[in-house]
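Student: Since the structure of chain A is already known, use the hints to place chain B on it.
There are 2 protein chains.
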Amino acid sequence: MNVVRLISSTDTRALNRLLTRDEGMDPTLERRVAAIVADVRRSGDRALVAYARKFDKLEGAIEIAREDIEAGARLAPVAVRRAIRVAARNIARVAKAQVPRGGRVVVATGVTVEQRVQALASVGCYVPGGRYPLPSSLLMTAIPARVAGVAEIVACCPRPEPAVLAAALEAGVTRLFRMGGAHAIAALAYGTASVPRVDKIVGPGNAYVATAKALVARDCAIDFYAGPSEIVIVSTQGDPDWIAADLLAQAEHDIDARAILLTSSKRLAT
Amino acid sequence: MNVVRLISSTDTRALNRLLTRDEGMDPTLERRVAAIVADVRRSGDRALVAYARKFDKLEGAIEIAREDIEAGARLAPVAVRRAIRVAARNIARVAKAQVPRGGRVVVATGVTVEQRVQALASVGCYVPGGRYPLPSSLLMTAIPARVAGVAEIVACCPRPEPAVLAAALEAGVTRLFRMGGAHAIAALAYGTASVPRVDKIVGPGNAYVATAKALVARDCAIDFYAGPSEIVIVSTQGDPDWIAADLLAQAEHDIDARAILLTSSKRLAT
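Chains as they are written, first to last, in our numbering: chain A, 3 to 272; chain B, 3 to 272.
One thing to keep in mind: the hints can contain errors.
Chain copies aren't distinguished; within one or between two, either way the pair holds.
Stated by the list, open to error - Taking lysine to aspartate or glutamate and the EDC-like style, the derived pairs with C-alpha atoms no more than 16 Å apart in a straight line are:
(1) Lys-202 <-> Asp-225
(2) Lys-98 <-> Glu-116
(3) Lys-202 <-> Asp-221
Honestly, the hints are just simulated from the structure, not real lab data.
Bound-form chain A, shown alone (with noise of 0.2 Å):
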């Protein structure tokens, strides 16, 4: 669980802990993460298969199947599965203004340049499964690409929750995957037997999701190296309960995540 500490601005000690993050990466986990990784890339299936069971305590098959989704997703309260309805609807709309259009340009007589867009073949969209329920990544990721016209879009999750598969659903996810961690980043970068290649993996993760995305990242795309989720507000007023909502909506990432709140509002630090 965070803890939610009030620190005076007095409290050097104090805040620079708050404040100092390691710089780098963890040797011994980069070795552990490149492990995986190899191991995966050469032998496929069941390398994939034995750390699903491992770490993400698989049990039966490693994709799963339209029914069981459709079948697991009406476990989902009714509530639930209307707003990741409602904020499926507004996420598509604001993908749809983001799409890049291309164009063409007269550079000289006779010589055109023509910019065109195409949409990658396939992603995959990494959606964790710590400790909540993430039905708003899938969403976030899956959703910009099915705008953009990505044919083939491949989500993981290693626990998919009825939200989670809810928002696949919704999201028009073509294939789903039990399987989370850096095996998974490894799948979706080099293929597997069961696992498409995808051209590029998007979403965030712990640090070995994260320490493997880096590692693949020469062969196969990724959005972006992601460290812990930080925030910072700045406020001397506004509603306490928005600024709460903002502040544990990046908490709730990670157990490393830091959420600030910078006030020279007693009442409202309170």
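Tutor: This is chain B only, laid out in the frame that chain A set:
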């Protein structure tokens, strides 16, 4: 020197040799590059200047003063300087049309999502100094940055020829450094006392540069990890001179580059 060869479609052994690429990285090269990057990150200018002296035959200061850029540029033939000016104007025209615009979307009553597009504060343009001067690399990286509104445009080149200096003036480069290779990438990614740390590193380079870019990518954005250039032209007709020019424009990048024409016309191939 690159070798031009006619290969018949029935000579599968020669075809396979042409098309086969090593998978992944050379581990010896990667270790060597990682050591250079770590050294420059740790020791700054001291390591950077030592490597630049050793690999780039640096004499004197690592930064080239504005008046030296201007004096050097005047040594480029008038026709070359004129061609650079025309190219710069054309590249700026295309770059202007490509600047993303952002916008607002009303998602629901009272909820508007706005996307604002802001230029990076600084970029580093890598210009190879290898067998042939590549003023085009400088123009194609620095001009889009200038058009986008990037304030600090740092360029580096191990041995900048007069044409590269003329391109730097034309493109609006703000600082120019006499350095190349993995140590230059490390200096741009982490900064030293002499070289400012940049937000993003762009531009082509040899295996050392590509590997260094991949290694710093978690700490500093890069354009992408580029292997040796490849071009395949499929044609049975067209002007042989134009086709040859397109092939040579890629082949000149590197001795590992591959430039291939597939044709059923023996006349064209010859």
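Student: Hint by hint, say whether it matches the structure.
Tutor: Comparing the hints with the structure gives:
Taking the closest pair of Cα atoms, Lys-202 and Asp-225 come within 16 Å of each other both inside a single copy (7 Å) and across two copies (15 Å). Proximity of Lys-98 to Glu-116 under the C-alpha cut-off of 16 Å is restricted to the inter-copy arrangement: shortest distance 13 Å between copies versus 22 Å within a copy. Taking the shortest Cα distances, Lys-202 and Asp-221 sit within 16 Å of each other inside one copy (10 Å), while across copies they are farther apart (20 Å).
In this structure, none of the earlier numbered hints is contradicted; all agree with it.
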